[in-house]
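Chains U and P, in that order, give the protein sequences.
At the far end of the first sequence sits residue 102, using my numbering, and the numbering has no gaps.
At the far end of the second sequence sits residue 1408, using my numbering, and the numbering has no gaps.
It should be emphasised that the hints constitute simulated quantities derived from the structure, not laboratory data.
These figures come from a predicted structure and were not determined experimentally.
Hints may contain errors.
Derived coverage of chain U by chain P (criterion: at least 3 residues anywhere in the stretch with Cβ under 8 Å from a Cβ of chain P; other residues may be distant) [what the hints assert, rightly or not]: (1) 23–31; (2) 59–68.
Residues from chain U that keep clear of chain P, each with C-beta distances beyond 10 Å, as calculated [unchecked claim]: (3) D10; (4) D14; (5) T97.
For each label pair, taking beta carbons as the anchor points, the in silico distance ranges come out as [claimed, not checked]: (6) R85(U) - Q1342(P): 28 to 34 Å; (7) P1295(P) - E31(U): 16 to 22 Å; (8) E1251(P) - D10(U): 29 to 35 Å.
Ideal Cβ placement from N, Cα and C applies to all residues, glycine included.
Below are the chains, spelled out letter by letter.
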Amino acid sequence: MTTPLTLHTDRHADSRPLLTAHGEIDMTNVESFRAALTAAVAEGGPVVVDLTGVVYLDSGAINALFAHAEDLHLICSPLLLPALRICGLTELATIETPGTGA
Amino acid sequence: MSSGAEGGAHVNEAAGVASATSVFAADEEIGQDLAAVDWAATPIGEPSEWPQSLRTAVSILLSSRFSMWMAWGDGLTFFCNAAYRRDTLGQKYPWALGRPASEVWEEIWEDIGPRIDRVLATGTATWDQGLLLFLERSGYPEETYHTFSYSPLRDDLGAVVGMLCVVTEETDRVVGERRMATLRDLGSNPSVARTEQEMLEFTASQLDHNRWDLPFTLTYLFDDDSGARLAATTGIAAGHPAAQLHLTAAQSPGAWPTTAPSEGESVLVDLDAATWGALPTGAWQQQPTQALLVPLQQQGAAPVGFMVAALSRYRPLDEGYRGFIDLVAGHVATGILSARSYQAQQRRAEELAALDRAKTTFFSNISHEFRTPLTLITGPVQELRTRLADAEPSVREELEVIHRNGLRLGRLVNSLLDFSRIEAGRMTARYEPVDLAAVTTELASVFRSAIQRAGLAFEVDCPTLPELVYLDRSMWEKVMLNLLSNALKFTFDGSITVRLGVEDNHAVLTVTDTGVGIAETEMPRLFERFHRVERSRSRSREGSGIGLALVKELVGLHGGTITATSTEKQGTSFTIRLRFGHAHLPAQAVVEDPTTTATSASAEPFVQEALRWLPADATADPAQTGANEDDLSSLERARAATGGGRDLPAYVLIADDNADMREYLTRLLRGVGHQVQAVADGQAALEAIRVHVPELVVSDVMMPRLDGLGLVAALRADGRTATVPVLLLSARAGQESSIQGFDAGADDYLVKPFSAAELLARVRAIIELARLRARHSRWRTALIDSLQEGFFVCDADGSVVEINTTFTEILGYGPEELPYRTPSPWWPDPEIDPHAYERVGQAFTRLVEDDSGEADLPLVHHDGHQVWARFTFSRVEDPATGNHVIVGTLRDVTAEHYTLQRDTALAALAERLAAADTVSSAVQAAVTELRRTWSAQRVVLAAFPETATGRASEPDLVAGSDHVQWHQLAPDLRERLLAVSQAPLLVPQTDQPGRVGVTAAYPGGVLVVWIELGGRRPVGAEDRALLSLLADRLGQGLHRVREIDQQREAAVALQHAILGPAHLPAGFAVRYQPAMRPLQVGGDWYDTVPLPHDRLGIVVGDCVGHGLDAATVMGQLRSACRALLLEHSHPARALAGLDRFAALLPGAECTTVFCAVLDPASGELVYSSAGHLPPILVLAEGTTTSLDGGRGIPLGLRLDRPRVQDSMTIPARATLLLYTDGLVERRRRALDEGIARASCAVHDGRTHPVEELASHVMTTLTPTGGYEDDVALLLYRQPGPLDVTFNAAPSELAPVRHALRNWLTRCDLDAQYVNDMLLAVGEACVNAVEHGHRGHPGGVVQLHAIALPDQVCVRVVDSGSWKAPDAEATARAHRGRGIALMRGLMHQVTIAPTESGTTVEMYVRIPT
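Given the sequences, and given the hints that come with them, work out the whole structure.
Right, here's the structure in full:
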């Protein structure tokens, strides 16, 4: 059984590619997340990844983010922030948590 | 300076020789080389430009035969002459010429530079005397000494510009002085060296001072077996391979050759390193290369040894060196020989002294050896003469011959003995003031009849002298009697005159005869010992030649002189001069009290002998001679004096080693009616006396084992025999012997030979006196012996000196062995019974130190059995001596002791068994008690069960004083125990000393009691009896304990069976503790019941009453409550139903119950209480409350009264405690107090998991002595732990996460904690799944999470390995990040990989 995850690719208001994820990301579905992320980055330029709807993401998912970290603008729940900071992703990617801005 | 130079690098061959010729002409050879120097390159330039002063200096230098060099100019340019080149410069020539002096003598510039500077600066000369230099002028570095004088050199203007050094070699002087010093020291002090060893040590210490010429030396002395032993060394350590202790004649490498030295030849030995290795270097840096072996010569014989002298490698072995070593060897040889000869003399002197001592001893011994047989001849002969007075003449004549010769022999022996005494300096004189006229007249009168019978006139002219003369009377007697008998012997006509007078403050005695006289040639040897003066005629040819010699010695002892004048055929006159007073005599030998003894018996032999010289008809009838008549009748007179000698029979003990003498004395004494026992020596006498104290002891002085003096001393030292009279018989005449005898404590002293009459008279006198004295002490002895208690007297140091018969009966030791010194033989053996020994020792200390006291002591009877004796003692003063003695009594209390011991042991064992509540504790208690009773070293109890096939070979219970397991016991002990287990009941087995085993009845088998007393302490009959008794009681006691134990075990088993659920739901912990002693089984219980809709019923109750009845009621109530809860899930209704049930069940009334239904998911709790104590709730942050709602009365009392219930929600991480009153109720304490204590215990321990918390609460609340009532306790923490087991498959991850998120929500955690926990646990699960997937398809993963008030802990266990294959680098990076995440998010993470899987534990702390 695959963990529930919905991925949506769009354009952000400022025309950057926007990838919106909902649900949980673990080893059962990380490959689709990675594929979506790669596709979004392929469109060129910085990609906005909206993870506000993601309640769980494991280190596999963080690895996927690392692959393109410099090109990512992440929007996520503050609850996920400690994990991203521990892995060092905050050093490379732009991370925005709702309410606190970029 | 020994270093070589690089010859002539600077020499310029092309230098102008012509200009130099004049300057260097003084020495052709050196001059040539100087001319060859490239002077232009030196600071002083070409010789042609040299100032006159330099030229002059060089010229002087070269022309001098003294060794010298010079330095010139600022650069101190070097010049030297031929002598210097030869003696000093060596190979540096000619390189050195023209060089700076500092370069030429670079190696010593530090030393000479400053001196030269000083010369240059001050212009004054200086020098170095006797400087040691090693010169290689002869092909080896040579030790040389030089004196250097440094003088300034001035230029034409008088300024100092250079320096001249004149060198004088002083090697011969320095080395010579050094060697002389050694030789002088060697000869310095041989007087202290008496022995060979002392001499060698002295020599070595002197040689050691010269390690320059003698780096090391070894002195070997030849043995008898042609080998040599090392006698002394210098400069070489003992044990060095070159310092072999023994050398044999066989030559071997690394050993010194002995053959040549033994033949008197010196040998030079090369000390090559290959053979000899490292050798001591002496005063030098390098080891010697040669050693000279020189023989230690002695005149006219082979050498006594040889000396190895290691040679200095820095000096040639020239004549001087060799001569020095020869002289050293000569000194050593002389020393050894003189020491040896000194010792030989010493030995000879000692041998002579020993010979002299032996001679003296021989003479002394002769006295004894001769005197005893003499006594046995003359004594019986004396008696025979009396008895055979009427026998036929021929018999009497023969008897007279025997008698006279006996006397004569005695006199000779005495004379010899006197000489030996005088020689040994042991002649003890006793000078007393005497009236010399009276004494002389009396002695003369003894000879009067014999002289008159010979037809001679006898004139005695002895007027009383104005002063007293100090004489030793016995000696004086000998002097007089010898002179008189001598006069009679050689006088045939005329007279013998004794005349006394005064002359120059001396008493002068002359004995003059008109006899044959003495030839003038014989006069000088008249007083010579063993010299018999040849005379023309004498009355007898007999004579030993010692008479006059003895007279001279005796007179000399008096400080007097004796002279003789004689004219052949006219007569002889002896004149004795004695000083008046005693100033000339040794003060210690002078006494002022004169003895009253009359002329002693020693006169008789002289007279008897003299009479024999007279014509036969004159002596035909000895009975007619006055002197003889007196003597012969002496026995008669003695008998008359003793009233026939048969009126006072006494018990007399005779001690003499001579059997004849024993028989003779026995016959004599029996003859007058005494009871006689005779023994052969002093020791035997002592033993006999201790058995039966005699009224008199007659003892010889000289005896084997214990002599007469020793016997007297021993008798006097012993209180029981101190008053026994002793008559000593001695062969030793002379006062010093009798004084010794009296000093020792003898009552009388008789010298052999003695007459029978004299002996009997003395015996009678002694016995009469002693009887008077003894009456009192016999009474005392009789009194003491009649005592019913043992009686003893100790002296101040505790030795037992007197005992009575009861004492002997109690301990078996009689008076024969008295005194008994400490430790007495009745003390326990410290080896066998150290405990008893110590006890007796302590009592003894008190005996000696305290004034009085009492003690019960374990003593050992003579036959070995133990005796318990009660001692009482007190200290008293001995009126006789004023010393303290200890008087005591003792009583045998063995029977009392064992009775008391038995009663005490039985009571103590009974008490201990009563206190035991299990068989094993009873057995352990018995071990302790048995050990105490016997003070045993070890006690082992082993219970061997009876099995279907007989008795087991291994016990099912072992208890011992040293806490052992059966298999830890020594194999032989196990064997013994097994053997004893086969023995009949209660029969002690004592196969080994100090060890005893016995069997006792034991439930289901047999109990072996094994006791090791320690040491070889014997196991007595009393011990065996007591052991049987105790074993019997132990068996009975164990049986009783076993019955009680079984009952209790049954009740507890039952209660456990009906108590609670076998498996508790998660989150619960329970405790049930049956009450301890006295045995009670309460009616407490707890219960959890799974109910529909995932809810749980929880019950805690307490029935009234004790024991099995209460337990039965409880079991039924519990079952009923379960059923009711399952039916209603409603606590109030359940309790109402239980009310009705309880009403029907006898004993169920008044039961209190708390009943609740819990929803574990929400923590909601609905509850009702039937009079039960309110549960306690402790929140995570520590707030404590109790559940006071839903209260009702206990069960079965009012069936119509409705039950109510209440509800509440248990907050997350709060802890709920349900309990029964046993936990909190204490006698005489308020219940509230107990509840508060319980609340407090839960509060304090709340951060523990519930299982640990339960233990904590039980322990904390345990009263001293344990819980008195049953305790049931139930703990619950909300939420219970999460336990999930899932297949190691990725698809399981999301549901597990879901379950974990739910559980964490119930833990009431902050969202961030929930998220972090999920992520960290998620990473652990991913790893577990990956491993499980890879390593063990179908493996499972276990997730366990528990919530504590202040933290949440999670454990993930998988069955795989976290070790990643190297190929999967990506995966590793992934996992690395996962682990980093776990560690970053959790407070602690531990990962423990094992063979079978990996366990990850992590926790996060929660603020409360």
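Now the hints, each set against the structure:
no., hint, result
1, 23–31, "holds (count 4)"
2, 59–68, "holds (count 4)"
3, D10, "holds (26 Å)"
4, D14, "holds (30 Å)"
5, T97, "holds (13 Å)"
6, R85(U) - Q1342(P): 28 to 34 Å, "holds (31 Å)"
7, P1295(P) - E31(U): 16 to 22 Å, "holds (20 Å)"
8, E1251(P) - D10(U): 29 to 35 Å, "violated (55 Å)"
Hint 8 alone, counting from the list given before, is not met by this structure.
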